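The task is to assemble the complex, starting from two chains supplied on their own in separate frames and drawing on the hints.
Below are the chains, spelled out letter by letter.
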Amino acid sequence: DAGVIQSPRHEVTEMGQEVTLRCKPISGHDYLFWYRQTMMRGLELLIYFNNNVPIDDSGMPEDRFSAKMPNASFSTLKIQPSEPRDSAVYFCASTQGPNTQYFGPGTRLTVL
Amino acid sequence: GEDVEQSLFLSVREGDSSVINCTYTDSSSTYLYWYKQEPGAGLQLLTYIFSNMDMKQDQRLTVLLNKKDKHLSLRIADTQTGDSAIYFCAEKTGGNNRLAFGKGNQVVVIP
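Note that the protein sequences, when read in sequence, are chains U and Y. According to my numbering, the first sequence is numbered sequentially starting from 220. According to my numbering, the second sequence is numbered sequentially starting from -2.
Excised from the complex, chain Y in its bound form (with noise of 0.2 Å):
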C-alpha cells in the first residue's frame, strides 16, 4: 500500500542550504513529487524525478533517490526566506492518478 513518512519540523539560518527527507513505502511507485505550500495557498509543485533516476537537480534544489531503502530527499541551497513553507512528498504508483501525501515538513528559514 501508499504510506509516506516525513519528519515535521526544520529551521534554517538564511544561506545554509535545507535537506528535508521522506520515505515510502509502495515499491511501484513510478513519479516521486515534492510540493511547497505557502501560508494561506495552496500545494505548488516544485519538481519530480521519475523513479529511474536517481538525482535530479533544478536550479538551488536537488533531488535524491534512494529507490533500494524507499528514501527521497530535497536539497535546497543557499536558503532563502522565501523558501519558508511546508514542504511535502507524494508518491504516484503507475495506472493509478492518485497521489499519497506525506504529512508535510514545515521548514522555516531563520535570517
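Chain U extracted, bound-state conformation (with noise of 0.2 Å):
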C-alpha cells in the first residue's frame, strides 16, 4: 500500500484565499483524522472521521475551518478565508479500527 497519500504537500497562498488540503486514507481503514503542528502549539487534533461520519470536531478552530469526507478513500480540509495565523503544517492520519495511526506526509500551509 502506499501509505497516506496527502496533496499539495506545499502550499504558498494570500489571506483571504480559500485553500483546499486533500488526504488519501490507507485502503480498508475506517477511521482518518486531520491534525495541525505549529511550534506553538504542537500537534492539535482537529476533526476526526469513521466511517466517513464526523465523530469529533471539537479542535476545529472557527467556522473557517470545514472538513468533508465524501467516501472511504476521499477527504479535505478546507479554510475559507485563511490568515496568516493558519499557517502550519496539516498532517492526515488513518487507522483501522481502535489501532495504530498511520500519518501521511503533510501539507506546509503558509499564508502570506
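Hint data in this document are derived by calculation from the structure and do not stem from the laboratory. Please read all numbers here as calculations on a predicted model, not as lab measurements. We treat Cβ as the ideally placed atom computed from N, Cα and C, and that holds for glycine.
The list that follows gives simulated cross-link-like pairs (lysine-lysine, DSS-like), each with its CA atoms no further than 30 Å apart:
1) U:Lys297 to U:Lys243
2) U:Lys243 to U:Lys287
3) Y:Lys64 to Y:Lys53
4) Y:Lys100 to U:Lys297
5) Y:Lys100 to U:Lys243
6) Y:Lys53 to Y:Lys65
7) Y:Lys100 to Y:Lys65
8) U:Lys287 to Y:Lys100
9) Y:Lys67 to Y:Lys100
Label pairs and their in silico Cβ distance ranges:
10) Y:Asn63 to U:Glu263: 23 to 29 Å
11) Y:Lys53 to U:Ser277: 30 to 36 Å
12) Y:Gln41 to U:Ser226: 16 to 22 Å
13) U:Asn269 to Y:Gln56: 32 to 38 Å
14) U:Ser246 to Y:Gln77: 30 to 36 Å
15) U:Arg283 to Y:Gly12: 46 to 52 Å
Okay, structure coming up:
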C-alpha cells in the first residue's frame, strides 16, 4: 500500500484566499484524522471521521475551517478565508479500528 | 483529561544511549505510543506499549512504563545519526480512538 497520501505537499497563498487540502487514507482504514502542527501549539487534533461520518470536530478552530469525507478513500480540509495564523503543517492520519494511526507526509501551508 | 508533557531538547553523541521522557495524566490510558518525525516528514510509529506492561524491548528501543507515576520513557541504545528527529509520545484512552500527543522532544545526534 502507498500509505496515506496528501496533496499538495506545499501550499503558499495570500490571506483571504480559500485553501483546500486533500487526503487519501490507506485502503480499508475506517478512521481518518486531521491534525495541525505548529511550533507553538504542537500537534493538535482538528477532526476525525469514522466510516466517513464526522465524530468529533471540537478541535476545529473556527467556522473558517471545514472538513468533508464524501467517500472512504477521500477527505478534504478547507479553510475559507485563510489567515496568516493558519500557517502550519497539516497532517492526515488513518487507522483501522482502534489500532495504530498511520500518518501522511503532511501539507505545509503558508498564508502570506 | 488528557495532557501529555515532554521535555524539549536532547543532544547525544553517536554510539551513546539516549533517554526521552514523557508524563501523562489520564490514568485510563490503554495504549501509549512513541512516534518519530524526521525533518519534512510525517509521524512514523516507532513502538507502543499496552498499559498492563512495564517494559517492552524492540531491537535498540526500550520502553518503560511507570503507571503509578504516569511516566513513560524511551531508551535508544547505540544512538545513530539517523535517530536525529523529533520524538512524540501519545496516549490513547479506552473506547476512544483519539490520541493525545506531547509537544515532542527533539533529539540531535552528534557524530
